[in-house]
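Colleague: Sequence:
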Amino acid sequence: MVKAVVGANWGDEGKGKITDMLAEKADIIVRFQGGANAGHTIVNQYGKFALHTLPSGVFYGHTTNVIGNGVALNIPVLFDEIKSITDRKAPTPKLLVSERAQIVTPYHILFDQYEEERLGGKSFGSTKSGIAPFYSDKYAKIGLQVNELFSGARLREKVERIVEMKNILLEHLYHKPLIDCGELLETLKGYRDMVEPYVCDVSAYLDCARKEGKTILLEGQLGTLKDTDHGIYPMVTSSSTLAAYGAIGAGLPPYEIKEIIAVCKAYSSAVGAGAFVSEIFGEEADELRRRGGDGGEYGATTGRPRRMGWFDCVASKYGCRLQGATDVAFTVLDVLGYLDEIPVCVGYEIDGKATTDFPVTAKLETAKPILETLPGWKCEIRGIRDYKELPKNCRNYVEFIEGQIGYPITMVSNGPGREDIIYRESPLKKK
Numbered sequence: 038m039v040k041a042v043v044g045a046n047w048g049d050e051g052k053g054k055i056t057d058m059l060a061e062k063a064d065i066i067v068r069f070q071g072g073a074n075a076g077h078t079i080v081n082q083y084g085k086f087a088l089h090t091l092p093s094g095v096f097y098g099h100t101t102n103v104i105g106n107g108v109a110l111n112i113p114v115l116f117d118e119i120k121s122i123t124d125r126k127a128p129t130p131k132l133l134v135s136e137r138a139q140i141v142t143p144y145h146i147l148f149d150q151y152e153e154e155r156l157g158g159k160s161f162g163s164t165k166s167g168i169a170p171f172y173s174d175k176y177a178k179i180g181l182q183v184n185e186l187f188s189g190a191r192l193r194e195k196v197e198r199i200v201e202m203k204n205i206l207l208e209h210l211y212h213k214p215l216i217d218c219g220e221l222l223e224t225l226k227g228y229r230d231m232v233e234p235y236v237c238d239v240s241a242y243l244d245c246a247r248k249e250g251k252t253i254l255l256e257g258q259l260g261t262l263k264d265t266d267h268g269i270y271p272m273v274t275s276s277s278t279l280a281a282y283g284a285i286g287a288g289l290p291p292y293e294i295k296e297i298i299a300v301c302k303a304y305s306s307a308v309g310a311g312a313f314v315s316e317i318f319g320e321e322a323d324e325l326r327r328r329g330g331d332g333g334e335y336g337a338t339t340g341r342p343r344r345m346g347w348f349d350c351v352a353s354k355y356g357c358r359l360q361g362a363t364d365v366a367f368t369v370l371d372v373l374g375y376l377d378e379i380p381v382c383v384g385y386e387i388d389g390k391a392t393t394d395f396p397v398t399a400k401l402e403t404a405k406p407i408l409e410t411l412p413g414w415k416c417e418i419r420g421i422r423d424y425k426e427l428p429k430n431c432r433n434y435v436e437f438i439e440g441q442i443g444y445p446i447t448m449v450s451n452g453p454g455r456e457d458i459i460y461r462e463s464p465l466k467k468k
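Take any residue in the sequence shown, count from 1 to its spot, add 37: that is its number in the working numbering.
The set of hints was computed from the structure by calculation and includes no laboratory data.
Backbone N, C-alpha and C define an ideal beta-carbon position, used for all residues, glycine too.
Among the hints, erroneous ones may be present.
[To be verified] Calculated lysine to aspartate or glutamate pairs in the EDC-like style (CA-CA distance at most 16 Å, straight line): (1) K400 / D388; (2) K62 / E456; (3) K85 / D124; (4) K429 / E417; (5) K175 / E136; (6) K354 / D394; (7) K466 / E296; (8) K429 / E378; (9) K248 / E185; (10) K251 / E417.
[Unchecked claim] Derived CB-CB ranges, DEER-like: (11) E321 / R341: 13 to 21 Å; (12) P271 / K213: 43 to 51 Å; (13) D230 / D388: 57 to 65 Å.
Taking the hints into account, I'd like the entire structure generated from these sequences.
Modeller: Printed below as a string of structure tokens:
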């Protein structure tokens, strides 16, 4: 059985918690795309952790954790992350790294910084983790796969060609110091030594596991609206955030993905630039940000304050559709308990016309939210495990959202811990 956990919105929806929770009954967890530019927050018996590359199942002793070929692999960041969890008495993860995964190099990070600096006020709000230059090189066929670290003279010849190209840009476009080929090769040698014990043919490994009936959990980074093709382009990430890409980024047949859990927050948040129709500002946003998540709404990787907004039914319906959601996990519902009334974005007004269809970026930037207000429940809901025990207005909120997006909400998260989950039977769930 192969399942995918993916984001329906802008990222930061709570995928880490849902993956960590589902990993209890999984054998293998696979990160299939993205890099260390975003994080998943996990709260468990060992403490609170922000994972950036490691799959969110690493805290279980029985799981094997896989870095798929679709990941932008920053090798020193990965091993610093492993140390950060083992230093806090969490078990050493069982780890496999795809021999076809490609490497984020020091020059990718520099080029990311230099380009944001060059763009100035027109920058993309990058985390400056090297992700866009990395994927640019991957598709320009000048990236470095993990297996190439072991290729000796072939690696040297390729690195020399890459450095020649990069130094032209550094000298004439960015006016920055040039790359030293010898130093870069020494750095890559260090990367090789770190990663060597974990390298394998991940696709073949997963094929065997699938045939043995193992449960494989695919974990995505960010969400639908940050997808390169289907998101708010160009204010997107540089890889596909969709469950469909999980088959490619892990090396599995697409028909094997049987369940797709799309994660939505009970309100909206986003990091970085780009259209955000239901966004709120001022004290209203500050209050929601302070109360949100576990310790506030700040990026798990950057610490940047997240932009805040009300739940966006238009974006979420679109996000679930593109993901092919079989289930929706509805997170941080407990945060909204302080509100007397809760606005919900149920449509957009574009050029004087109302729509519930998510548009392309140019139209999205002119859209105004159409809001409907629901009564709040004004009480704490953490600790509740039975959906029927939630306050009536709380259940009405969940069911209203479900009706608007048209996808079954089968999990409701009412706190940061693994145990803070309510399973729900949805009338929309196909038997």
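Colleague: Against each hint, give a clear statement of whether it holds in the structure.
Modeller: Hint check:
Distance restraint check for K400 and D388: the Cα-Cα separation of roughly 9 Å lies within the 16 Å cut-off, and the hinted pair is therefore satisfied. A distance of roughly 14 Å separates the Cα atoms of K62 and E456; the hinted pair therefore holds under the 16 Å criterion. A C-alpha spacing of about 13 Å is found between K85 and D124, which places the hinted pair at or below 16 Å, so the restraint holds. A threshold of 16 Å between alpha carbons decides the hint, and for K429 with E417 the separation of about 13 Å falls inside it, so the pair holds.
In summary, the hint linking K175 to E136 is supported, as the alpha carbons are separated by about 15 Å, within the 16 Å threshold. This hinted pair checks out: K354 and D394 have alpha carbons roughly 9 Å apart, not beyond 16 Å. With a C-alpha separation of about 12 Å, the suggested pairing of K466 with E296 holds against the 16 Å cut-off. Under the criterion of a C-alpha separation no larger than 16 Å, the hint pairing K429 with E378 is consistent with the structure, at around 14 Å.
The straight-line distance between the Cα atoms of K248 and E185 is roughly 29 Å, outside the 16 Å bound, and the hint therefore fails. In summary, the hint linking K251 to E417 is not supported, as the alpha carbons are separated by about 39 Å, beyond the 16 Å threshold. Checked against the hint of 13 to 21 Å, the pair E321 and R341 passes, with Cβ atoms roughly 19 Å apart. Separated by about 24 Å at the C-beta atoms, P271 and K213 break the suggested range of 43 to 51 Å.
In this structure the hint that D230 and D388 lie 57 to 65 Å apart at CB holds, the actual value being about 59 Å.
Going down the numbered hints, you'll see the structure goes against 9, 10 and 12, while the others check out.
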